Amino acid sequence: MGKNFKSLVIGFVLLSLMLFPFFGERFYIQFASKILVMIIFVSSLNLLVGFTGLVSLGHAAFFGFAGYVLAILMQVDSSTHFVTALLISISCVGLLGLVFGVLVLRTKGIFFIMSTLALGEMLFYFLHDTDFAGGSDGIYIYSRPNLSIFDFWDVDLANAVHFYYVALVFVCLTLIFIGRIIQSPFGRVISGIRVNEHRTKALGYNTYKFKLVCFVIASMIAAVSGFLAAVQFGVVNPEMVGWHVSGHALMMVILGGKGAILGPVLGTTTLMITEEIFQMLTKHWQLLTGLVIVLVALFFPNGLAGIRIFKKGGSM
Amino acid sequence: MDAITFFIQAMNGIQYGLLLFLVATGLTLIFGIMGVINIAHGSFYMVGAYLAWSLMGWFGNFWVGLFAGVLVALFLGLALEWLFIRFLYDRDHLQQVLVTYGLILIFSELRSILWGDDVHSVPIPELLSGSIQLTENLAYPIYRLWLSGVCIVIAILMYVGIQHTRLGMMIRAGESDRDMTKALGINIGLVYRFVFALGVSLAAFSGMISAPIASVFPGMGNQVLIVSFVVVVIGGLGSIKGAMVAALMVGLIDTFGKVLNVNILGINILPEMAGMSIFALMAIILMFRPQGIFGKGH
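Line by line, the protein sequences give chains A and B. Going by this note's numbering, the residue at position 12 of the first sequence is 12; the numbering climbs one at a time, nothing skipped. Going by this note's numbering, the residue at position 202 of the second sequence is 202; the numbering climbs one at a time, nothing skipped.
Just chain B, with the same shape it has in the complex (with noise of 0.2 angstroms):
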């Protein structure tokens, strides 16, 4: 692998792992500040994706439609915090995972009804269509570095809104104590479903700008799921900063594991053993460091 190539697989390493940071702060946010562990979360992003290729495809406008596709988004995230979510903060785990997994089922056939269970593919927007030459025969898409900019940013917005806002310093009350935020006067019902409803959000808003760069299909709520759980575990439960290096630790490996021929002993590595490799890189974190590399402990 000579530089130019290592250094174009880096790039799609971090920018996988920019994404997976926006699902997983989705995930690690809505427990940490409610105690509320989201199965559906992949859901969203799947959501997401559809709601990406209908609405570009209806209005013929991906800045539009991305747009109008985050709204639908929120006002999701609001109903179903209203509905279901609401009940669930006092009570246990197990009864979390039900009612999350029981929307995931009621989601995955939804889909079905309303957009079919074909694989779809969403253009790139032409704003963004070029690619840069770095050498004769290789180029990097700008739609990917648009997109990991874009992460960037929202996780950046994300922490100042979060440390430096009276909205976020709400949110910080009511995570460490939900009746005294309660007693000063703070709507924390409110304050919840706005957490909830950003969290939904930013999993579909994943989904939505991830669309053009891979296409889009009934079991890929699934399998963001479970990569975006790994994450939590390696960077520790509630933990954004966790959330952010585990994910770029995860991207990249997960990239490099599909690229590189390893050779153990003589035995060559498939890439399709390599999607194990992230598996590894968790067991080896529970066997070390079990609340994850910046989780505080139990």
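Bound-form chain A, shown alone (with noise of 0.2 angstroms):
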């Protein structure tokens, strides 16, 4: 596939994105939002997953974490900016995920995996357990943060189509944030952590701190996306912090072929829409998804990105 096909690609995907909500109906364009939001999660469990090589079974423990932040603040002052929030949000966030790093970050392997779990269920009890946070109802959000830009240009936050421009750019950005970091001689140096740590660390490079310093990255990005979730559903509850919502995203990971940048873009998108078709068939739509993931983790490992028609060189 030539570099200018791509982008031709690329551009009317992005414009029909943006003329998509003066054709859509309310309902598809809240769909959208969600499948937007969920892009940028999954992109952060993408960055660790598929170019670091660190399964994370835990990752969903920040999305939550980030809402519960966010629920939290406004219940201490609802006029905050969206970006003081944001930004308050992202921080606490990225502090739990240098915690949580320090500590998973000492354990590879199947070790990673289960102790991330085992966290980020910590977190999950903590919040359905105790009544610091609303207990298993979760905290509801009344006021969306204000996003007034210059004080000419009110976006309400409520409003379906207003969220949906504001997701679609958080999604470019991440993207193309999460490129830059790749093509860094950072992006390079967790690739290398990837194929292999040890030779990786022979060279003379920190493996722990390289690590350490992507899984608060990506803990952060996810945070932006636990934010945006927690703004658009105007509530907050522990199942955002569950280990089936980092279960999915890890399917959507692989789905769309890991370690691509635009992978979670295609994983997500599909599995949102076949699950949204599953539930309008029946009730135990779980069964069927379940179906689709052990098929697909089976026989496609590589997920769609390895099918003949979406086959690229190297990452895109």
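These are calculated hints, taken from the structure and not from any lab test. Do not take every clue at face value.
[As the list claims (entries may be wrong)] Each pair of labels, with its calculated beta carbon distance range: (1) Glu25/A x Met287/B: 49 to 55 angstroms; (2) Leu157/B x Val213/A: 38 to 44 angstroms; (3) Thr135/B x Gln75/A: 46 to 52 angstroms; (4) Leu95/A x Ala214/B: 50 to 56 angstroms; (5) Val213/A x Thr135/B: 55 to 61 angstroms.
[To be verified] DSS-like mimics (lysine-lysine), calculated; alpha carbons at most 27 angstroms apart, straight line: (6) Lys241/B x Lys108/A; (7) Lys258/B x Lys296/B; (8) Lys108/A x Lys201/A; (9) Lys6/A x Lys34/A; (10) Lys283/A x Lys34/A; (11) Lys296/B x Lys209/A; (12) Lys209/A x Lys108/A; (13) Lys258/B x Lys182/B; (14) Lys296/B x Lys108/A; (15) Lys296/B x Lys201/A.
[Said to hold, decoys possible] Over 12 angstroms on every C-beta distance to chain A, these chain B residues come out as not near it, computed from the model: (16) Ser121; (17) Leu167; (18) Arg193.
It should be emphasised that the depicted structure is a prediction, and the values quoted were computed from it without experimental measurement. We treat Cβ as the ideally placed atom computed from N, Cα and C, and that holds for glycine.
The task is to assemble the complex, starting from two chains supplied on their own in separate frames and drawing on the hints.
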């Protein structure tokens, strides 16, 4: 696939996404926003799984925690500006990511998977079993953070169309940001860690530090997504932190082809639309989702990107 | 807390720990020997409990139900290995996680279709329904004692089975070098299938025998899975001895965490917060001994 052709496809997709709210119904706009928010989360997980080779099953902790920070912030001061709230939320999650990262990065492979899952679930049980943050019901966010740009352009985040564009902007920023990371010297080191950590270490890199920085960055990107999800739904609950969110995101990473910047876009969109169709078909739609996950993991371990028509030389 | 309450809580903690050992040991066996991370392990525990509820109700007898349940679990394990797991031996952990994650969703929905989403309780068998009177108003149920005893017997059987029998030798040989074992004429595929089925049966059996003292509910698998992961991380992967020590530690800490009203610097640590104590223990282990207490390192 030529470079020009690829740019053309991306441009076309972007244009149709921008025009979409003029034609789509409200339900579809909201659904599309949901996908956009999820793409940010899956991209952040892809940074760990696909680019650094760290399989985390506790990534939802950062997603949900960001939402909780926003919810608590809005309870304290409902007039908080969007940017302030977002920055506070990202910082808090980054701190949590640092604490989790210091612990789990001492382990490797299967131990890493288990300890990320355990720490993520610790947060789940903490939020679920204590009254600290609304218990199992979670917290409602009655007023969205205000997003006025230079006092003349008022964005109403409760409005589906407005939110859609905000989410779209953040998706683009995330993908560009991750692309930049990957192409930076830092990105070269983390892919070195994925391919062969011992050699990277032998070259003189402190791989632990690189992994830690990468883990914290990924947690902060996940925070953006969790923050937006909380803004969209106006509610946070412990399920946002639960490992099913992480498991699904992992599936989306694989489906889109791990280690490709645009992979999460493909994987997230495909799985979410498929699940939506399953939900229309039957009450027990998780059975079908489970089957799809098993079959894809067994027979298409490289995801959709591994299938002929999407085949490409290196990473996109 | 007086001595007798302390004693009862310690017994409860040990009993919980022994039960955790049964679940965690299946997990650590399947990883240690076959190199497969099985996150669907908690589902088998849940399936076991539901099997106990329906089979024991059906046969009207605890023991027949238990026996039938273990048979079903064994066949389930064999079938699952043949259908899915055998393709995972040479794959990376990510694919193993995904396949077994898919299995969790499938089992959770199958449970919902077959048994519904209600919470059930299983009666304690008549033979074990009494309790031992410790003081005038404190007693310890015989069923819990029996449960601890069964777990200890299984632990010993497993140790002897793996260390001192021909089959155990094949299993250990398969663990250290799969191809070489195959070259010696041992059907390693069959050995693996047996080990996986054994792991599934252990998890299901734990679910079955714990059903009479805990209720049978949809989310029970997840809960036990997380705690057994904590056990395995603390004890060290692939180590049965480690699983035993860690399971007892976790069982005791969790039980005492829930009954003690700890007062730290004037802040009353709520019993719910005490649920975090096992994770705190895990965090400490990760800080100082990331390969687990009995782990051999990476």
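Outcome of the hint check:
| no. | hint | in the structure |
| --- | --- | --- |
| 1 | Glu25/A x Met287/B: 49 to 55 angstroms | 53 angstroms, holds |
| 2 | Leu157/B x Val213/A: 38 to 44 angstroms | 48 angstroms, violated |
| 3 | Thr135/B x Gln75/A: 46 to 52 angstroms | 49 angstroms, holds |
| 4 | Leu95/A x Ala214/B: 50 to 56 angstroms | 37 angstroms, violated |
| 5 | Val213/A x Thr135/B: 55 to 61 angstroms | 59 angstroms, holds |
| 6 | Lys241/B x Lys108/A | 21 angstroms, holds |
| 7 | Lys258/B x Lys296/B | 32 angstroms, violated |
| 8 | Lys108/A x Lys201/A | 15 angstroms, holds |
| 9 | Lys6/A x Lys34/A | 25 angstroms, holds |
| 10 | Lys283/A x Lys34/A | 21 angstroms, holds |
| 11 | Lys296/B x Lys209/A | 24 angstroms, holds |
| 12 | Lys209/A x Lys108/A | 14 angstroms, holds |
| 13 | Lys258/B x Lys182/B | 49 angstroms, violated |
| 14 | Lys296/B x Lys108/A | 13 angstroms, holds |
| 15 | Lys296/B x Lys201/A | 22 angstroms, holds |
| 16 | Ser121 | 22 angstroms, holds |
| 17 | Leu167 | 25 angstroms, holds |
| 18 | Arg193 | 17 angstroms, holds |
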